[in-house]
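Undergrad: Single-letter residue listing:
There are 2 protein chains.
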Amino acid sequence: MYLCLNVKKKIFQYNDPIDTSIMKYIFQCNDCKAEYSSREWQYLCPECSKTNINELPPKGVLKCVYDYPAIARKGIQQLVGSHFIDLYPIEDERNMPTLRIGRTPLYESIFELHGKSIKLYIKDDSQNPTFSFKDRASAMVSAYAKEHNIQTIVAASTGNAGSSIAGIAASQGQQAIVLVPAKAPPAKLTQILLYGAKIVAVDGSYDEAFDLSIEASKAFGWFNRNTAYNPLTIEGKKTVSFEIWEQMKGEIPDIIFVPAGDGAIISGVYKGFEELLFLGLIDRIPKIVAVQAEGSPNIVNNRFSQKPVFIKSNTLADSISVTIPRNYYMTQDYLYKYAGDGILVKDKEILTAIAGLASRYGLFAEPAAATAFAGMKKYLTENDVEKNKRCLVLLTGSGLKDIQSVQNSIHLPAPVKPDLKELQKQLDYNKAPGQ
Amino acid sequence: MYLCLNVKKKIFQYNDPIDTSIMKYIFQCNDCKAEYSSREWQYLCPECSKTNINELPPKGVLKCVYDYPAIARKGIQQLVGSHFIDLYPIEDERNMPTLRIGRTPLYESIFELHGKSIKLYIKDDSQNPTFSFKDRASAMVSAYAKEHNIQTIVAASTGNAGSSIAGIAASQGQQAIVLVPAKAPPAKLTQILLYGAKIVAVDGSYDEAFDLSIEASKAFGWFNRNTAYNPLTIEGKKTVSFEIWEQMKGEIPDIIFVPAGDGAIISGVYKGFEELLFLGLIDRIPKIVAVQAEGSPNIVNNRFSQKPVFIKSNTLADSISVTIPRNYYMTQDYLYKYAGDGILVKDKEILTAIAGLASRYGLFAEPAAATAFAGMKKYLTENDVEKNKRCLVLLTGSGLKDIQSVQNSIHLPAPVKPDLKELQKQLDYNKAPGQ
Chain Y
1 MYLCLNVKKK
11 IFQYNDPIDT
21 SIMKYIFQCN
31 DCKAEYSSRE
41 WQYLCPECSK
51 TNINELPPKG
61 VLKCVYDYPA
71 IARKGIQQLV
81 GSHFIDLYPI
91 EDERNMPTLR
101 IGRTPLYESI
111 FELHGKSIKL
121 YIKDDSQNPT
131 FSFKDRASAM
141 VSAYAKEHNI
151 QTIVAASTGN
161 AGSSIAGIAA
171 SQGQQAIVLV
181 PAKAPPAKLT
191 QILLYGAKIV
201 AVDGSYDEAF
211 DLSIEASKAF
221 GWFNRNTAYN
231 PLTIEGKKTV
241 SFEIWEQMKG
251 EIPDIIFVPA
261 GDGAIISGVY
271 KGFEELLFLG
281 LIDRIPKIVA
291 VQAEGSPNIV
301 NNRFSQKPVF
311 IKSNTLADSI
321 SVTIPRNYYM
331 TQDYLYKYAG
341 DGILVKDKEI
351 LTAIAGLASR
361 YGLFAEPAAA
371 TAFAGMKKYL
381 TENDVEKNKR
391 CLVLLTGSGL
401 KDIQSVQNSI
411 HLPAPVKPDL
421 KELQKQLDYN
431 KAPGQ
Chain P
1 MYLCLNVKKK
11 IFQYNDPIDT
21 SIMKYIFQCN
31 DCKAEYSSRE
41 WQYLCPECSK
51 TNINELPPKG
61 VLKCVYDYPA
71 IARKGIQQLV
81 GSHFIDLYPI
91 EDERNMPTLR
101 IGRTPLYESI
111 FELHGKSIKL
121 YIKDDSQNPT
131 FSFKDRASAM
141 VSAYAKEHNI
151 QTIVAASTGN
161 AGSSIAGIAA
171 SQGQQAIVLV
181 PAKAPPAKLT
191 QILLYGAKIV
201 AVDGSYDEAF
211 DLSIEASKAF
221 GWFNRNTAYN
231 PLTIEGKKTV
241 SFEIWEQMKG
251 EIPDIIFVPA
261 GDGAIISGVY
271 KGFEELLFLG
281 LIDRIPKIVA
291 VQAEGSPNIV
301 NNRFSQKPVF
311 IKSNTLADSI
321 SVTIPRNYYM
331 TQDYLYKYAG
341 DGILVKDKEI
351 LTAIAGLASR
361 YGLFAEPAAA
371 TAFAGMKKYL
381 TENDVEKNKR
391 CLVLLTGSGL
401 KDIQSVQNSI
411 HLPAPVKPDL
421 KELQKQLDYN
431 KAPGQ
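Residue numbers (this note's numbering), protein chains in the order written: chain Y, 1 to 435; chain P, 1 to 435.
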């Protein structure tokens with residue numbers, strides 16, 4: 001059933017089923033589909049990454065593949081009752097952080113647009129320990145490290161991934177080392193440092209920090225959390241799909257809007273639903289729409305490309321400002337395989353979406369997260385979506401993470417004397433222009 | 001059983017039991033103990049606030065008092081199964097925001113100090129929709145307003161209470177108006193404005209903004225959320241005690257450390273446990289320790305005073321920087337009645353506590369929240385607390401709310417070239433001084 005060709009040790013022969021007494025999952029290359037034993041750790045497919053070394057985006061990103069028929073035979077109650085542990089690349093749930101990872105709220109409402117009612121679900125992943133979706137990935141990486149007695153985890157990141165691994169590692173008694181480009185703004189690094197992570201400011205670009213982190217993890221035996229490099233980040237990210245399925249009581253949304261930078265979150269969301277499909281728990285995959293800023297359109301613009309052309313990114317939504325999407329090939333495959341879609345929004349629309357989410361739902365999202373909401377509005381406007389379709393927007397991080405970028409878009413009123421008439425005057429003034 | 005004297009309408013006679021077919025709860029003055037029908041809205045005790053008008057702290061703060069024997073007779077399963085609705089000043093749970101209010105994680109660990117093991121519980125209330133404990137109070141106020149068709153809620157606040165009512169009101173389709181002193185830093189106001197609240201910057205002190213908000217609510221029929229003025233804020237805050245009791249499966253902590261500003265959170269925590277005691281669900285009240293910054297010691301220093309002396313507050317923990325604690329009398333009563341305690345910590349200890357919570361537990365707390373943790377460490381050092389005592393620390397808000405105040409306490413390393421040796425050198429350097 002599951003093929004396994006370990007190019008190094010040849011433990012398994014081609015065509016062998018997974019012997020789950022020996023291993024729970026195998027690694028499969030997203031590109032050449034070669035399979036590798038998980039008994040020996042593997043970051044990238046040695047074949048595909050060999051031919052593509054130093055080329056971006058990288059080929060040879062690996063997926064963890066489980067023995068789905070065996071898991072299906074055990075039944076849904078076993079799976080849900082054991083918190084999906086059979087679909088995780090760890091043996092013992094107790095190696096997961098004790099922090100509440102995921103289990104974030106799913107809010108349901110009706111969204112009216114151009115006289116059409118859409119059933120809108122908002123998955124608020126700002127409600128995570130470090131206030132972003134990235135904790136799902138960090139938790140899985142950290143749990144694996146704990147299970148394998150690896151004490152140090154390294155990551156290259158300027159933002160949410162860095163603070164996430166710093167916080168999660170801290171909670172597990174592990175040391176995180178975060179490599180950042182020297183130009184990263186100090187405010188973003190405060191959270192990382194407070195968690196007790198070591199920050200190395202690299203005098204160079206993000207890509208140089210990324211490469212150095214890989215070198216360092218090889219040289220010092222650190223576990224590397226980098227996206228589209230460590231296959232476990234996708235394993236963490238896929239948990240959101242299981243949760244959505246559970247919270248919707250076995251139903252799934254029709255369309256899911258996901259903010260896209262390097263494509264790792266989309267891939268995670270797809271992999272989660274794909275596994276539910278493999279297990280027969282759902283009978284189709286939701287349409288997933290990748291939403292990007294117009295200034296960082298490299299997945300959406302190249303989603304059908306044979307020869308992708310990447311432009312230098314520039315958007316205020318910095319968590320998804322990505323020139324070369326490192327998980328590009330896997331994302332492209334998923335979007336193709338399950339008829340996904342893509343849409344671009346302007347920075348101005350992102351700012352409007354932040355205000356819309358906050359003022360309508362009381363949800364204060366960071367720009368990248370609000371991008372998904374902006375994408376939904378645009379997509380519903382431009383496409384003939386049937387009414388009563390269930391749309392889900394994935395909010396990936398808290399607005400408190402990036403106050404700066406929205407501060408310019410708001411206007412503080414002039415002070416008034418502590419007097420009732422003055423107060424009234426100002427409120428009337430507030431109301432006046434076009435309200 | 002429950003006395004009720006409505007000084008305005010005399011619906012009820014003194015000594016009458018509550019007729020729950022007529023009303024679910026009554027208001028009772030914290031100070032003169034007079035009781036008032038809840039069929040007519042009441043902010044402060046008309047008697048006590050009349051004699052004390054313009055005097056601070058105010059007397060005559062009201063408590064909601066329920067028919068505890070009747071609730072007890074219905075049984076614990078009914079109470080828990082209906083999410084404690086019998087103890088809330090609203091009729092229908094559906095008037096509560098659909099946002100996930102409370103239900104925050106309770107983390108359990110062992111804290112070693114001077115060779116003693118303490119069982120440490122941390123209640124992480126940064127995991128609320130607007131990322132602070134204040135959402136519990138805002139939710140109750142908003143639900144009441146919804147139930148009584150009040151569309152506008154006003155509050156005087158510079159920080160968490162303001163952004164909380166702005167977010168919660170937004171989610172309920174209500175209009176929030178937040179009065180702030182003109183000097184409030186714009187970053188703090190960004191979240192409030194994005195939620196669609198109207199901000200009125202008052203050219204004056206916090207107290208003047210407070211008074212103006214009260215005037216305005218009287219003049220315009222707005223509902224006023226001010227702490228130690230609207231009795232429902234305590235009703236929201238008490239929910240944390242019910243949750244702790246549930247999460248500890250009917251047990252309670254021995255000591256609870258609560259950050260204190262105006263005393264409203266402490267009063268809420270006490271009232272929750274007191275009601276569990278009234279219902280026979282617990283048999284004692286935990287020792288509650290009010291923790292304040294040395295620069296804002298006005299509850300701790302005056303907790304036994306007949307004639308309190310308040311000094312001008314000055315601490316980096318701005319959510320608890322309070323010169324005149326508006327809920328002073330109720331807090332003092334509770335601390336006296338249930339043998340509570342108080343402790344002061346230095347700003348430096350607060351900063352150390354922020355780093356300690358983050359680096360040890362992966363919990364990034366705002367200064368006010370970390371104050372409780374600092375207080376616990378100090379209290380356990382100074383007092384002979386038996387080992388295996390269960391201590392709980394209440395974290396009231398996210399560290400992302402106030403990056404500025406901690407930024408000065410961290411040190412960014414100098415950049416290194418993207419080179420393995422340089423990296424190693426910096427990490428060794430990081431390790432060198434005393435580690």
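For the record, the hints were derived by calculation from the structure and aren't laboratory data.
Treat the hints with care, since some could be wrong.
Said to hold, decoys possible - Reference excerpt, derived from the structure (chain P facing chain Y, CB under 8 Å, subset only):
#1 L99
#2 R100
#3 P129
#4 I168
#5 A170
#6 P186
#7 I214
#8 A216
#9 S398
#10 Q426
Backbone N, C-alpha and C define an ideal beta-carbon position, used for all residues, glycine too.
Undergrad: State for each hint whether it applies.
TA: The hints, checked one at a time:
1. The beta carbon of L99 (chain P) is positioned within 8 Å of a beta carbon in chain Y (closest approach about 6 Å), and the interface hint is therefore held.
2. Interface hint status for R100 (chain P): upheld, as the beta-carbon distance to the closest one in chain Y is roughly 4 Å, under 8 Å.
3. Restraint check, P129 (chain P) versus chain Y: the minimum CB separation of about 6 Å is within 8 Å; hint holds.
4. Evaluation of the I168 (chain P) hint against chain Y yields a held restraint, the C-beta minimum of about 6 Å falling below 8 Å.
5. Checking A170 (chain P) against chain Y: minimum C-beta separation of about 4 Å stays under 8 Å; hint holds.
6. The interface hint given for P186 (chain P) is met, as the beta carbon of that residue sits about 6 Å from the closest beta carbon of chain Y, less than 8 Å.
7. With a cut of 8 Å, the hint placing I214 (chain P) at the interface with chain Y is violated, because the nearest CB-to-CB distance is about 11 Å.
8. Proximity of A216 (chain P) to chain Y holds as hinted, the smallest CB-CB distance being about 6 Å (cut-off 8 Å).
9. At its closest, the beta carbon of S398 (chain P) sits 6 Å from a beta carbon of chain Y; the interface hint therefore holds under the 8 Å criterion.
10. Taking 8 Å as the C-beta contact cut-off toward chain Y, the hint placing Q426 (chain P) at the interface holds, the least distance being around 6 Å.
Checked against the numbered hints above, the structure violates only hint 7.
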